[in-house]
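What follows is each chain in one-letter form.
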Amino acid sequence: MDIAELQAYGYFFLTAFLVFVLYGYIYHLYSSERKGKRDYEKYGNIALNDEVTDKPVEEISKKDDETLKKEA
Amino acid sequence: MENRPLEYDYTVAKLFMFTTIVLGIVGMLVGVILAFQLAFPEVNLLLGEGLAEYTNFSRLRPLHTDAVIFGFTVSGIFATWYYIGQRVLKVSMAESPLLMALGKLQFTLYVVTVAAVVVSLLAGVTTSKEYAEFEWPIDIAIVVVWVLWGINIFGLIGIRREKSLYISVWYYIATFLGVAMLYLFNNMAVPTYFASGGIGDWYHSVSMYAGTNDALVQWWYGHNAVAFGFTVPIVAMIYYFLPKESGQAVYSYKLSLLSFWGLMFVYLWAGGHHLLFSTVPDWMQTMGSVFSVVLILPSWGSAINMLLTMKGEWQQVASSPLIKFMILASTFYMFSTLEGPIQAIKSVNAIAHFTDWIVGHVHDGVLGWVVFMIMASLFHMAPRVFKREIYSKSMMNTQFWIQTLGVILYFTSMWIAGITQGMMWRAHDEFGNLAYSFIDTVTVLHPYYTIRAIGGLLYLIGFFMFAYNIYKTMTVGRRVEENELQTASPMGA
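Heads up: the protein sequence lines correspond to chains X and W, in order.
Letter by letter, the first sequence follows residues 1486 to 1557 of our numbering.
Letter by letter, the second sequence follows residues 271 to 763 of our numbering.
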């Protein structure tokens, strides 16, 4: 197998891999929404309700704070 | 949370709004002078023979490009970050005296650096690397400014109340990391005075790269400066300002995420299209072409997402000049991200390379997309940071049409000029002798260069109207209450 053939195989598999990653990511976005794991569209409201006194769309909870401190 | 402040603090945002406007005027004014010099060479002697050294095309050209890139656009990026960053993270700069002090320090150092750039470029002190003309002491100052900005980005993220980072924040982070990487690697240089033990001026340097390597690094940098200076941060702006001004949440948040990763992955490989038919390896040229065409997808992903955000609310485009600016910006974004890939196709590039069509492409992108979006951002921010209504809606409308006409005159004249040039350069008789000499093309192009200069002048006039409108907003605009600032910006007649 010469270098050109190797490049051709490399090119094909890299393209196939990237297509797989792209469609995989789209599948991941839609399936996590369908399964109720995460509602991505609610994050659009971060721009609309952005007063400092507005309730955050997703608050950093006390538990998160503690986890972060432990990690630090 | 009892110490929670009631208001965002826009001190640093206001400072950078000021430099955005001032440096925009400088950069565009110099641009118009250059356009007239190309049409009428005697303009090179604008201030007489004695000062010709400072007013000729070659001395002023880097001042134009650097003032609009590193002056106007980068100021606009900083100004909008210090506005959007606080709001989408729901944390005020006033809550952190350290971040506030670093923000002010960043601004001060930025102004000093800009002054050094203007003086050194006018004096002819340059590394002669396109878009990277600054000598090493200025480069180091720029790195410090950038790092201070980074500390502010991650500092604000660190003390945020909103758990998820809004899509605009992702784009600002990408801007910070992308530009940092590009700038550091492309500007690697050896200070000649220190390396040689005292020969020459202390501030001079030579690039670490030479020949084809230099070309590769230069266009990896140059093209991605378009990516991380003219695309990524501007997308960050429109993802915040269009939904906020129109009162409509972004059409598809999922599409915004997909486009983000698409753009991040694809853009970095496209720079090779600047080096088609040059000495770089053939596979690299092909890769540059292919990735440029693929780049249409993530670019249009964002642009279509913006247009669909207006779904059911298109009457706002007619009624609000601010929405008009943003919709035209995203339309020009679609247009120039289609035009770029077309130019990157090898057979098209064989005609387009080195011609004015490239100049036309750059300018429909920056005048139609970047500047329109930054002006729209500042128009949206002005009532909120100054607590005053925008001074004049009719002036905004007039400005919009004058500048739109300016952009159209600019890019259509450059299309015709570029394709004419490309065709004339390659025309030959049956023996292979070239049909035209260079001066033949110059004669033919003169009317188009004049039209381009007029287009640029119209755009500059519009920019002065923008500056005046913001100044009047700041000083005499009607004072507004907080409840008038929820969605659409208040505007005076």
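It should be emphasised that the hints constitute simulated quantities derived from the structure, not laboratory data.
Heads up, a few of these hints could be off.
Stated by the list, open to error - On the chain X side, residues computed to face chain W include the following (Cβ under 8 Å):
(1) M1486
(2) D1487
(3) I1488
(4) E1490
(5) L1491
(6) A1493
(7) Y1512
(8) L1514
(9) Y1528
(10) G1529
(11) L1533
(12) D1535
(13) V1542
(14) E1544
Said to hold, decoys possible - Listed next, the in silico DSSO-like pairs over lysine-lysine satisfying Cα-Cα at most 27 Å (straight line):
(15) W:K433 <-> X:K1520
(16) X:K1540 <-> W:K433
(17) W:K616 <-> X:K1527
(18) X:K1540 <-> W:K742
(19) X:K1527 <-> W:K433
(20) W:K657 <-> X:K1522
For glycine and all other residues, C-beta sits at the position ideal for the given N, C-alpha and C.
Point to revise | Pair hint X:K1527 and W:K433, alpha-carbon separation not exceeding 27 Å | key: 13 Å, holds
**Study point:** Restraint outcome when X:M1486 is required to lie within 8 Å of chain W by C-beta distance
**Key:** Violated, about 18 Å.
Check your understanding: Would the stated hint for X:L1514 survive a check requiring a Cβ distance to chain W of less than 8 Å?
Key -> 5 Å, holds
**Study point:** Holds or violated: W:K657 to X:K1522, with C-alpha atoms at most 27 Å apart
**Key:** Cα-Cα ~41 Å, so violated.
Review point. Taking the closest Cβ pair, is X:D1535 under 8 Å from chain W?
Key: 4 Å, holds
Exercise for review: Using 8 Å as the Cβ threshold, decide whether X:A1493 counts as touching chain W.
Suggested key: Violated, because the Cβ-Cβ distance from X:A1493 to chain W comes to roughly 12 Å (cut-off 8 Å).
Exercise for review: Would you settle whether the hint for X:V1542 is holds or violated, based on the nearest Cβ-Cβ distance to chain W being less than 8 Å?
Suggested key: 6 Å, holds
Review point. Would the hint on X:D1487 stand, with a C-beta cut-off of 8 Å toward chain W?
Key: This hint is violated: X:D1487 lies away from chain W, its Cβ roughly 15 Å from the closest one there, beyond 8 Å.
Check your understanding: Is the hinted pair X:K1540 and W:K742 satisfied, with a Cα-Cα distance of at most 27 Å?
Key -> It is violated: about 34 Å lies between the C-alpha atoms, which goes past 27 Å.
Review point. When the nearest CB of chain W is found for X:G1529, is that gap smaller than 8 Å?
Key: This interface hint holds because 3 Å falls under the 8 Å limit.
Check your understanding: Are the Cα positions of X:K1540 and W:K433 separated by 27 Å at most?
Key -> 11 Å, holds
Exercise for review: Closer than 8 Å between Cβ atoms is the bar; does X:E1544 clear it against chain W? Give me holds or violated.
Suggested key: 6 Å, holds
Consistency note: the structure conflicts with the earlier hints numbered 1, 2, 3, 4, 5, 6, 7, 17, 18, 20.
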